Amino acid sequence: MTALSFLDSIVGMEFRRTSLERFHLYGTPPRYVPPDLRKIVRRKLIMIARSTELNDLRIPPSNRLEQLKGNLEGYYSIRVNAQWRIIFRWNQKGAVDVDFIDYH
Numbered sequence: 001m002t003a004l005s006f007l008d009s010i011v012g013m014e015f016r017r018t019s020l021e022r023f024h025l026y027g028t029p030p031r032y033v034p035p036d037l038r039k040i041v042r043r044k045l046i047m048i049a050r051s052t053e054l055n056d057l058r059i060p061p062s063n064r065l066e067q068l069k070g071n072l073e074g075y076y077s078i079r080v081n082a083q084w085r086i087i088f089r090w091n092q093k094g095a096v097d098v099d100f101i102d103y104h
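Going left to right, the sequence shown walks through residues 1 to 104 as the numbering used here numbers them.
To be clear, the hints were calculated from the coordinates, so they are not data collected in a lab.
Do not take every clue at face value.
[What the hints assert, rightly or not] Capping the alpha-carbon separation at 20 Å, the derived lysine to aspartate or glutamate pairs in EDC-like fashion look like this:
1. Lys93 <-> Glu53
2. Lys69 <-> Asp97
3. Lys44 <-> Asp97
[Stated by the list, open to error] Pair by pair, the computed Cβ-Cβ distance ranges are:
4. Asn55 <-> Thr28: 28 to 34 Å
5. Lys39 <-> Arg64: 26 to 32 Å
6. Asn55 <-> Tyr32: 28 to 34 Å
7. Gly74 <-> Thr18: 20 to 26 Å
8. Lys69 <-> Thr18: 24 to 30 Å
9. His104 <-> Pro60: 17 to 23 Å
10. Arg43 <-> Arg17: 15 to 21 Å
11. Arg22 <-> Arg50: 30 to 36 Å
12. Tyr32 <-> Asn71: 31 to 37 Å
Note that the structure is a prediction, hence the values are computed from the model and not measured.
Glycine included, C-beta positions come from ideal geometry on N, C-alpha and C.
Kindly produce the complete structure, drawing on both the sequences and the hints.
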C-alpha cells in the first residue's frame with residue numbers, strides 16, 4: 001500500500017465521535033478508552049483503516065469479526081477484549097460510523 005492509498009483509507013473512515021477520530025489520527029486518547037486498552041484500540045483502528053474489504057478484518061482470527069443484530073443491525077464489530085468492541089458500518093468507501101463501545 002502506498003502512502004497515498006493509506007492516507008485515502010484514513011480519510012475514508014468516518015467516526016461517530018470526534019474524540020475517537022483524534023485518537024486514531026494523533027494518538028490523543030479519549031477518557032472512555034481504558035488506559036490498558038489504548039495501544040490495542042489504536043492498532044485495531046489502523047487495521048480497519050488499511051482494510052480494502054470487510055473480509056480483511058477476519059485476520060487475525062482474534063478480531064472475531066461479526067455482523068451485529070438488534071439495535072446495532074447493519075453494524076459489524078471486532079473485539080478488543082471480552083468486554084469492549086470497535087463497531088462500524090461498511091460501505092464501498094470502507095468503515096463508517098466507527099465507535100468504541102462496552103458491549104456487555
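Against the structure, the hints come out as follows:
For the proposed pair lysine 93 and glutamate 53, the alpha carbon gap of about 9 Å is at most 20 Å, so the pair holds. A distance of roughly 16 Å separates the Cα atoms of lysine 69 and aspartate 97; the hinted pair therefore holds under the 20 Å criterion. Between the alpha carbons of lysine 44 and aspartate 97 the distance comes to roughly 15 Å, so the proposed pair stays at or under 20 Å and holds. Between asparagine 55 and threonine 28 the beta carbon distance is about 31 Å. The supplied range of 28 to 34 Å therefore holds.
For lysine 39 and arginine 64, the hinted distance range of 26 to 32 Å is not satisfied, since their beta carbons lie about 19 Å from each other. Under the hint 28 to 34 Å, the C-beta atoms of asparagine 55 and tyrosine 32, about 29 Å apart, fit the expected range. Range check, glycine 74 to threonine 18: Cβ separation about 22 Å, and the 20 to 26 Å hint holds. Taking 24 to 30 Å as the suggested C-beta distance range, the pair lysine 69 and threonine 18 conforms, at roughly 28 Å.
Taking the beta carbon of each, histidine 104 and proline 60 are about 22 Å apart, inside 17 to 23 Å as hinted. Distance hint check for arginine 43 and arginine 17: the Cβ-Cβ separation is about 19 Å, which falls inside the suggested range of 15 to 21 Å. A beta carbon spacing of about 19 Å between arginine 22 and arginine 50 contradicts the range 30 to 36 Å that was offered as a hint. Hint check: tyrosine 32 to asparagine 71, Cβ distance near 19 Å, so the stated range 31 to 37 Å is violated.
Violation of the numbered hints given earlier is confined to hints 5, 11, 12; the remaining hints are satisfied by the structure.
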